Amino acid sequence: MEFIYEVEGGNFIKAGNASSAVKKTLKQLNVDPKIVKRTVVALYEAEVNIVAHAYRGSITVNINARSIRIILDDDGPGIPDIELAMRQGYSTASPKVREMGFGAGMGLPNIKKNVDELNMSSIVNKGTKVEMITYL
Amino acid sequence: MSKQQIYHALKVDNNICYGCTHCMSVCPTDAIRINEGKALILKKRCVDCGECLKACPVDAIYVEQDDWDNIFDYECRVALVPAVFTGQFPTSISEEEIFSMMKELGFTHVFQAEFMVDVLNELLDGQIQRKPEKPLISTFCPSVVRLIQVKFPSLIDHIASVKPPVDASTAFYRKLLAAQGIPEKQIGIFYITPCAAKIAAIKGIGKDGEAVINGVINMSYLYNKLYTRIKNSKKEMRQLPVLPHLSSKAIQWSLTRGEADNMKGNCLAVDEIHNVIEFLEHLEDEDIPKVDFLELRACDQGCAGGVLLHGNRFLTVERMKRRAKQLGSENGHVNWKDHKDIIEDKDLFISKVNPLPAMTLDEDFAEALKKMERIRNLMCYLPGIDCGACGSPNCQALAEDIVQGKANLSNCVFLQRMMEKSNKLSSEHAIRIIEKTWGKDRLSKDCKKLGAKNEGM
Chain A
6 MEFIYEVEGG NFIKAGNASS AVKKTLKQLN VDPKIVKRTV VALYEAEVNI
56 VAHAYRGSIT VNINARSIRI ILDDDGPGIP DIELAMRQGY STASPKVREM
106 GFGAGMGLPN IKKNVDELNM SSIVNKGTKV EMITYL
Chain B
173 MSKQQIYHAL KVDNNICYGC THCMSVCPTD AIRINEGKAL ILKKRCVDCG
223 ECLKACPVDA IYVEQDDWDN IFDYECRVAL VPAVFTGQFP TSISEEEIFS
273 MMKELGFTHV FQAEFMVDVL NELLDGQIQR KPEKPLISTF CPSVVRLIQV
323 KFPSLIDHIA SVKPPVDAST AFYRKLLAAQ GIPEKQIGIF YITPCAAKIA
373 AIKGIGKDGE AVINGVINMS YLYNKLYTRI KNSKKEMRQL PVLPHLSSKA
423 IQWSLTRGEA DNMKGNCLAV DEIHNVIEFL EHLEDEDIPK VDFLELRACD
473 QGCAGGVLLH GNRFLTVERM KRRAKQLGSE NGHVNWKDHK DIIEDKDLFI
523 SKVNPLPAMT LDEDFAEALK KMERIRNLMC YLPGIDCGAC GSPNCQALAE
573 DIVQGKANLS NCVFLQRMME KSNKLSSEHA IRIIEKTWGK DRLSKDCKKL
623 GAKNEGM
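In order, the protein sequences belong to chains A and B. Read in order, the letters of the first sequence are residues 6 to 141 in our numbering. Read in order, the letters of the second sequence are residues 173 to 629 in our numbering.
Everything labelled a hint here was simulated from the structure, so no lab data went into it. Just so you know, not all the hints are guaranteed correct.
With a straight-line cut-off of 27 Å between C-alpha atoms, the simulated BS3-like cross-links for lysine-lysine are [to be verified]:
(1) B/303 with A/118
(2) B/578 with A/29
(3) A/117 with B/306
(4) B/612 with B/578
(5) B/625 with B/612
(6) A/19 with B/216
(7) A/117 with B/462
(8) B/518 with B/306
(9) B/216 with A/39
(10) A/29 with B/216
(11) B/542 with A/29
(12) B/518 with A/101
(13) A/19 with A/118
(14) A/118 with B/462
(15) B/303 with A/42
(16) B/226 with B/375
(17) A/42 with B/306
(18) A/29 with B/215
(19) A/29 with B/306
(20) A/29 with A/101
(21) A/42 with B/542
(22) B/306 with A/39
(23) B/462 with A/19
(24) A/39 with A/118
(25) B/462 with A/29
(26) A/42 with B/375
(27) B/210 with B/226
(28) A/39 with B/303
Covered stretches of chain B (in silico footprint by chain A; criterion: 3 or more residues with CB under 8 Å from a CB of chain A, positions within the stretch not fixed) [to be verified]:
(29) 457 to 471
(30) 535 to 543
The model shown is predicted, which means the values in this text are computed figures rather than measured ones. In this text, a Cβ means the ideal position worked out from N, Cα and C, and glycines have one as well.
With these hints in hand, go ahead and build the complete structure from the sequences.
This is how it looks when you write it as structure tokens:
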């Protein structure tokens with residue numbers, strides 16, 4: 006089953022809408038509350054990343070009997086050095102974003118911690134693609 | 173799997189209910205359907221918040237209470253009164269007057285439900301320090317506890333294990349009376365409840381443990397009984413009993429911020445059920461900064477907004493604050509510390525709270541997945557108007573009811589028109605479907621209905 010959500014860059018008021026919708030779905034599907042929580046925390050983090058850094062993006066969620074596979078695809082500045090971005094505490098967020106409580110440099114490490122598989126690819130000045138998989 | 177029996181105090185009087193959609197559309201857990209012209213409360217989903225009762229235009233939803241005469245089954249008849257009860261009376265009527273009138277009505281003892289607040293406050297502070305799951309969520313409001321069981325099972329570990337004041341105070345008084353030599357069987361403790369949730373919580377216990385509270389009396393019932401008596405009595409004839417005064421903190425405990433203002437650490441208070449749900453959604457997503465303690469109440473203004481309270485909730489809060497100020501400096505004559513030896517752990521701590529998830533489509537994941545796919549398909553056809561004319565609260569809920577085998581696509585009045593247009597449904601059949609949901613003759617002319625020209629005649 007596939008779900009698609011659009012994400013608007015720069016709109017923090019709507020950040021989290023996709024995560025909330027996915028959470029509701031997973032709860033209805035009677036997925037283990039611990040897995041729901043992990044998945045939603047990771048997705049929320051990734052969704053906010055699009056809002057904070059990119060111009061626009063889409064989230065595609067695929068749920069089947071074996072796994073929850075989420076792909077976040079954005080049009081944005083891209084990440085020049087993914088390895089560096091994965092480091093805890095590293096952040097490129099603007100002061101405006103930090104003021105709102107985001108951008109502490111915990112995002113990507115937190116995502117990695119909460120999913121079973123994390124794949125990232127990025128092209129500078131074009132965008133970033135994140136794939137996260139949680140096995141059921 | 174064994175079916176868990178859940179007690180609910182909210183009932184629908186089928187003689188009064190005329191099948192409108194008010195209760196169904198306000199229910200925060202989508203727990204109401206209309207069938208054969210009457211509202212039906214789904215027990216698994218109901219959290220006893222009382223929103224339906226507040227919304228009902230004809231008072232068809234009521235809170236079941238124990239028979240008043242039940243108090244006379246006991247020789248020692250204790251009324252356990254929460255502070256919001258006295259808060260409804262004008263401040264010109266003293267607590268002593270109110271309580272002495274209760275004795276005239278038949279109670280032999282009157283005690284305050286918030287008596288144990290100081291002990292519980294200390295215990296909660298201790299749990300805030302120790303518990304790894306932050307924030308700690310208060311057990312004060314039983315509707316909130318049930319909401320977490322039903323809708324937010326992943327947050328269950330956040331719930332404190334300290335009993336709410338009513339339960340702890342009851343346990344304490346029972347022992348205090350027993351220590352005075354009154355046989356256990358003669359003690360009948362009756363809680364004067366401000367809401368349906370407290371009743372459900374009290375009646376829900378007792379599977380393993382002994383019933384701590386013997387019965388429940390609705391606050392509105394007692395208020396009427398008492399106020400009539402106060403209005404019609406001569407003041408000088410009354411004997412005023414001396415009471416254990418509550419501290420100012422205890423009086424305000426059941427109001428919004430009553431707990432949060434007295435806990436150590438970062439404390440937050442949220443009241444009103446929809447606000448609580450919104451906040452718990454955020455908490456589940458972990459997009460909330462560090463909070464140590466969460467006070468959550470189903471009613472706006474805390475217990476002052478309880479469905480069984482007679483007065484305006486804002487005025488009640490105001491009166492209680494004034495009472496608290498008057499009594500603030502005085503100390504009660506029953507001090508729990510003098511009775512430390514009779515208090516046991518089981519009087520102060522609740523047993524484990526279990527999840528009772530009611531929002532899932534199926535216990536089996538693969539089956540749930542299939543059902544969800546069907547729902548998404550059905551949603552392509554349903555109009556998304558959320559009118560409730562099918563008897564389910566919204567299109568999504570109808571789709572869920574269809575896949576659960578509890579409704580049909582033809583329950584939708586708009587799809588009926590589409591089916592009639594393509595000759596898949598006769599108009600007689602369509603009327604029969606509507607009558608099944610809304611009752612026979614529901615669409616016939618009736619000038620006595622609410623708002624019609626002969627209303628009330």
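We went through each hint and held it up to the structure:
1. B/303 with A/118: holds (23 Å)
2. B/578 with A/29: holds (21 Å)
3. A/117 with B/306: Holds, at roughly 22 Å.
4. B/612 with B/578: Holds: residue 612 of chain B and residue 578 of chain B sit about 20 Å apart, inside 27 Å.
5. B/625 with B/612: holds (22 Å)
6. A/19 with B/216: violated (32 Å)
7. A/117 with B/462: OK: residue 117 of chain A and residue 462 of chain B at ~22 Å, within 27 Å.
8. B/518 with B/306: holds (24 Å)
9. B/216 with A/39: holds (22 Å)
10. A/29 with B/216: holds (18 Å)
11. B/542 with A/29: holds (16 Å)
12. B/518 with A/101: violated (52 Å)
13. A/19 with A/118: holds (25 Å)
14. A/118 with B/462: holds (20 Å)
15. B/303 with A/42: holds (19 Å)
16. B/226 with B/375: holds (22 Å)
17. A/42 with B/306: holds (15 Å)
18. A/29 with B/215: holds (21 Å)
19. A/29 with B/306: holds (22 Å)
20. A/29 with A/101: violated (31 Å)
21. A/42 with B/542: It holds: about 22 Å lies between the C-alpha atoms, which stays within 27 Å.
22. B/306 with A/39: Given that 27 Å is the threshold and the Cα spacing comes to 16 Å, the pair holds.
23. B/462 with A/19: Roughly 22 Å between the alpha carbons, so the hint for residue 462 of chain B and residue 19 of chain A holds.
24. A/39 with A/118: Within the cut-off at roughly 13 Å; holds.
25. B/462 with A/29: With a Cα-Cα distance of about 24 Å, the restraint between residue 462 of chain B and residue 29 of chain A holds, given a limit of 27 Å.
26. A/42 with B/375: Violated. Residue 42 of chain A to residue 375 of chain B sits at ~33 Å, over the 27 Å cutoff.
27. B/210 with B/226: holds (17 Å)
28. A/39 with B/303: holds (18 Å)
29. 457 to 471: holds (count 4)
30. 535 to 543: Since 6 is at least three, the answer is holds.
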